[in-house]
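Trainee: Listed below, chain by chain, are the residues.
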Amino acid sequence: MIMTIVQILLRLALWLTLAPLLPGIINKVKAWVAGRRGPPVLQLYYDLARLWQKGVVLSTLVSPGFVAGPAVVWIALLCATQLLPLGPVGATLSFRGDVLLLIYLLALARFCTAWAAMETGSAFEGMGSAREVSYAVLSEAALITAILTLSVHTGSITLVTMLEPSAGAGAVLLGAGLFTVLLAENCRVPFDDPNTHLELTMIHEAMILDHSGPPLAAILHGASMKLLLFALLLTEAVLPVGELPPLGASAALAGGVLAVTVGVGLVESFLARLAFKRVPMLLTTGFLLCLFALLVAWKGGAS
Amino acid sequence: MTQGLLFFAMLSVVLSIVVGPKFPRAWLVLTLAGSAGSCAVALKVLFGASDWEWRSTFAVGGELLHLRLDGLNALFLVLLSVIGGAGAVYATEYWSDKRYPDSAPRGRAWWSGLLLCMGAVLIVSNGLHFLIAWELFTVCAYFLITLDNQRQEVRKAGWLYLAASHAGTVCLFAFFSILATHNKGSWDLGPMRDQAELAPLFWLALLGFGVKSGVFPLHIWLPSAHANAPSHVSAILSGVAIKMGVYGIIRFSGWLPLPSAAGPVVIGLGVVSALLGIAFALAQNDMKRLLAYCSVENIGVIFIGLGAALLAASQGNALWGRLVLAGALLHVWNHGLFKSLLFFGAGSVLHATGTREMSRLGGLWKRMPWTAGLFAFGAVAISGLPPLNGFVSEWLVYLGLFDAVNARGAAAWVAMPAVLGLAVTGALALASFVKLCSIVFLGASRTKAAEHAHECGGAMCGPMLVLAVICGAIGFAPLVFWPLVARAVVAWNPAWVPPGEPPAPLSLLGPVQAMFALLLIGTAVWLWRRLRQNKVERHLTWDCGYFEPTARMQYTGASFAGIASSWFFWILRPERKLRRPRGSFPENASQIEYTPETVLDHVIAPVGDVVLRLSTAVRRLQHGHLQSYILYLLVGLATMAVLVFMGGLQ
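Residue numbers (the numbering used here), protein chains in the order written: chain A, -7 to 295; chain B, -7 to 642.
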């Protein structure tokens, strides 16, 4: 009993402390490619600590939902991470159909982000949330197809079993599709530019324009957890993590997540943000990649 | 006991029809007593093991009365009682004698009538009586929709509803008559699975009940009727009346043999209905029309589950068939609950501001915190998000569909698109409800009417609160409700007796959802306290440094939905009227966007035109000239004589 509690706490601590590392690595990669020194890798930790101490400016228009929103987003993402197995350590909670709970927890987070954005009555934040909820339709289609692929491949709908073996022959297709979803869901280039200064072209950043202090810290930390969640999902789907010895699996996981993060950084360095008209097309491509992976998985199982 | 309670319930509802117009209080008490009575009976049957059946020697229309209450119709009866009672309380304030002295009295009588007839549809077990109750229920609903008959669009909506319903009823007449002929003149209903030649009748039932259930493309009457009816009526129409169509399909697909294509066709209808329903909903700018189209979507979700169950039944696969059917049945309840909650909320907004047009509202949370909070609760539930009840039923359907995929039979090819359709529908529903809630309740008030809104009283908030509590209960403790649904599943297909326990993940999902809800509240409180510790300042919305924002600069509903609904323009065909600003000192410019009912305007209306033109042509024969009429007579007689003569020759 005590062991389980300790395990749960350890897993929570791992997620909470490691997640903010990812944006730091991405920024470092980008700086390195551009030949700059760049901010320290731990920059987000400093930012979070500072924001937690800061006061808050609230718009005169907002309801208590404006503060409750980020709280719900953060806890929904945290709970979603607890469903995803951490390689050999396993997941905090695992049951049949938990993968659907994970997807819908992400949806709940989206609902609350968009809700909190609309609280302010700002047109920019309206634009941001309109884009977020619309593009999510396509990325959700891609994500559920990826889940179907994994489910067909393993004959299970429990995340722990689904992510054990590699995705087989379609692993490359699935990896590419999931990577597209990762970029879109985490608002990275080419879907969105986290560093842009033009509110008109933002998605995620536009939604959090009016947040400050601790709620902003919750949002930033939540976003980093979401990035880690997708990177981990991608790694575990592609690599046969469950079939390696514990040490090897941990190394593979860490290596995989690092590779994905560096990949995001490289994509951001070498690609420009797409025009909004093109975003649905790229997302549809991601969906098609997952769909082909599904067909491959189907064929693979039949033979 | 069951019998006594049921007759007590019936008696009080009948009495409430009589006293309704004159004595509002007595009406309320009687209606509530009737609802409570029927709810108790239905729950007794659901929790008990045995069905209730009653054959009387009393004949109506030449047929002996035969009532039956089993797991399936009891489930629907519970929903009817809950929404019927809640709506009655809501109506006392919303459609009060003071505000509507003309229509409120008759509204009460029709309301009780509607409850009685829907209850009768559910419990009678005789084809003729079913038809009579069905017809009366349609008529009661018509008079409720047209309560406010001073307005032209209300009359039009009522007329369309009546016409469409009767088109469906024609199919049902054919359905029951063929059934009666086949049973050698007996109208009595019951399981007839062994008579394989009855299978094609399923299509007639699907068509007839499909019109009532509002599944795409038979939904043409639904948006205007639900939008223009008084809100408590919209609530019961959307929450319960369209479920009568679903009930019909489930009931007769359980009793009759099924054609082999039934499952895929129903799933296909469900996917189309879910996707297009929510696409239309997203594009609407009228609150209640949006909610109405969302009903089309939810009926689609129910059809997906039901179709998968039909597929499983035809393949004899109890394992996942049980899950999808349970999901569909639970979604019937869930949708009834949260859709009524949302329509009540929309009614409160309408009551407070006098408009359903979203672009005239905004910032209502300040004036109507209760309505706003409960509406948001309903929106989360209907978007199928955890930890509320919408997620539980959709999750059951998903589980079943995934199992169907992994069974790797022919069903997988239908189940995979269905899973995809469900996911996309969920994402679009989320977009629609973020739009609806945020444009109406958040931001700044766009008009004076919205600024001077007022919170509704206890009689309107109370029913909403009750429905929200039930939604939460199903979400946090689905295990409590599982036996009821499992009972209905067995009533549908006796071969699908569950293995005693609920499916393992459900017993885990409930506590997880409840824990999650507690965590949500805890985190929010914690963050709020942290804020107070630090320091909170209030300023204008930042808006990129813009200094004096006005309410009209906010994002509108149409622009919010613009991206996603543009993917569906091929079917939405929105109409735009743009008046551009002209001259150096433009005075006014405007853009009006309206998404019409495409199927009605582009499919039904042209056909109607042709019929009308034909009838006009035929009408020329009737002109009032006596000479010509005599000529018709002569020609007719001569033709008959020729016919008789020729017959004689042979």
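Fair warning: there could be bad hints in the mix.
Stated by the list, open to error - Taking lysine-lysine pairs in the DSBU-like style, the calculated list, with each CA pair at most 35 Å apart, reads:
hint: 1; chain 1: B; residue 1: K569; chain 2: A; residue 2: K269
hint: 2; chain 1: B; residue 1: K569; chain 2: A; residue 2: K20
hint: 3; chain 1: A; residue 1: K46; chain 2: A; residue 2: K20
hint: 4; chain 1: B; residue 1: K440; chain 2: B; residue 2: K358
hint: 5; chain 1: B; residue 1: K176; chain 2: B; residue 2: K14
hint: 6; chain 1: B; residue 1: K14; chain 2: A; residue 2: K46
hint: 7; chain 1: B; residue 1: K569; chain 2: B; residue 2: K148
hint: 8; chain 1: B; residue 1: K358; chain 2: A; residue 2: K46
In case anyone wonders, no lab produced these hints; they're calculated from the structure.
Trainee: Run every hint past the structure and note whether it holds.
Mentor: Do the hints match the structure? See the list:
1. A threshold of 35 Å between alpha carbons decides the hint, and for K569 of chain B with K269 of chain A the separation of about 24 Å falls inside it, so the pair holds.
2. For the hint linking K569 of chain B to K20 of chain A, the alpha-carbon distance of about 51 Å lies beyond 35 Å, and the restraint is violated.
3. Pair hint K46 of chain A plus K20 of chain A holds up; C-alpha atoms about 26 Å apart against a cutoff of 35 Å.
4. For the given pair, K440 of chain B sits about 14 Å from K358 of chain B by alpha-carbon distance, which is consistent with the 35 Å threshold.
5. A distance of roughly 47 Å separates the Cα atoms of K176 of chain B and K14 of chain B; the hinted pair therefore is violated under the 35 Å criterion.
6. The straight-line distance between the Cα atoms of K14 of chain B and K46 of chain A is roughly 63 Å, outside the 35 Å bound, and the hint therefore fails.
7. For the hint pairing K569 of chain B with K148 of chain B, the CA-to-CA distance comes to about 23 Å; that is within 35 Å, so the pair holds.
8. Only pairs whose Cα atoms come within 35 Å are accepted, and K358 of chain B paired with K46 of chain A is accepted, the gap being roughly 27 Å.
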